[in-house]
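**Q** For this one, chain Z is given, so just place chain E on it according to the hints.
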Amino acid sequence: MVKSFGEFLLFIQSMLTRKERVAVLWQRTIDECVIIGINSIFIVAIVSAFIGAVTCVQIAYNLTNPLIPKSTIGYMVREMTILELAPTITSIVLAGKVGSSIAGGLGTMRITEQVSALEVMGINSASYLVLPRILASMFMFPLLVILAMALSIIGGYLAGSLTGALSAQEYIEGIRTDFIPYNIVFALIKSVVFAFLVSAISSFKGFYTQGGALEVGAASTTAVNNSIIAILVADFALAALLL
Amino acid sequence: MIEVHNVQKSFEGNPVLKGITCTFETGKCNLLLGGSGTGKSVLLQCIVGLMKPDLGSITFDGTVFTNNKVDIRQEIRKKIGMLFQGSALFDSMTVYQNVEFPLKMLTPDMSREERRDRVEFCLKRVGLENAGTKMPSEISGGMKKRVGIARAIAPNCTYLFCDEPNSGLDPLTSIKIDELIHEITHEYGITTVVVTHDMNSVVEIGDHIIFLYKGLKLWDGNKDEILNAQVPELKEFIFSSSLVRAAKKVDDETEGGLAAATTDEAINI
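First to last, the sequence lines map onto chains Z and E.
For what it's worth, the UniProt record's numbering labels the leading residue of the first sequence as 1, then goes sequentially.
For what it's worth, the UniProt record's numbering labels the leading residue of the second sequence as 1, then goes sequentially.
Just so you have them, the derived chain Z footprint on chain E, three or more residues with Cβ under 8 Å:
1) 42-54
2) 83-89
3) 105-113
FYI, nobody ran anything at the bench for these hints, they're computed from the structure.
Note that the coordinates shown come from a computational prediction; the quantities given were computed from them, not determined experimentally.
Using N, Cα and C, we set each Cβ at its ideal position, and we do this for glycine too.
One chain only, chain Z, in its complex shape (with noise of 0.2 Å):
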């Protein structure tokens, strides 16, 4: 554990050293934002929406009292779909998606020599492969956080008034109570924290893939399943700090 966490370090050491030019960095950053980021838009799009839905059904499921206005779902709404499940759960399945396609894209080009072929030729291959992946990964993770806020909570308001468990009017009333713009923040800080673990890890374990197809695929499990642990005990760090 240790060792691997060393290991860890220095890839993400040789990573920064012998950087490549910057036209190149910038080129290879939009080229893979497009694939981390453009192309994972519908696949958030759907979970979140499908997400907000659930948290407004289920909640007034629950809210049976009375006492309590039903503005009050939409407020609950607001709150865990910000704080936790848009960029929690948005970067699990990103992990899902983007962490097993970089450890599979990196891991396919190393037993292929694809790796060995730049490093021969003088590139940093680190560098060339890697550094873009995050840095795409910390820009377009926010982007995806932020559409995945608003998604939920349209997929709220529109269960709430499909199901008649609350009125368009108390849904925004609720959306609209005691709105705090840090939650906003701490959610972006979250979000590119959870960005550079999934990108780094899935990275890392590609990049030292050794064997054949067999070992891709076991590469690409692994690095979902670190992630996912990562960001869940990322999570509970940055609350602990920043809340």
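**A** Chain E in isolation, oriented as in the chain Z frame:
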């Protein structure tokens, strides 16, 4: 010229290279010959810097490569072209982009037009002038090797390394790849090192051959001398091929060197 001095490498206490000392001459096809597991590929990886030897030194035209400053190693690496066993083409890029890649990365001052001319020249040189738009997954194994060679020579490399260039190819394509490597070596006067266990390659392009056995250099010479080498391990290796046995028979009958006994003659037997 590449000089290898007393290179040793072991994995988990198991010695793979036991003090190899040899020289790869400029303008020649230098073959690293030996059976599987004799340390050929490990030596090649030590030379190109993909692996660090435990002991010993490697010198490129008088400049020490092993344990030297990163900048100096990088400068040497920019002069290296390598053809990998599996070609190692970047599968997200077209053939054209694969050949252009080292130019874009290593020669940022080169204009787009200059790059295009160089890529087109290299693709034409390997006979693939019409394959630029294809993806690596759309071309055959032999074509991949050609693209690999074009990519290796694109930045005007001084040293060309080929790791088993014939693996997975049919005999006819293998000969064509060998001929291409041989022609390029002599045309540009580069130092070429080819790892192989293919006796056809020895006959075709073996200007200078180094025979490795269990991590040791047992013999070195050229293709005309190899049949008369008095090293039992080398003899056993060479004559395990029925094709070479046939060629030797022709050789004895025609009193020529092995080169005189062409593959065609051997096939006729």
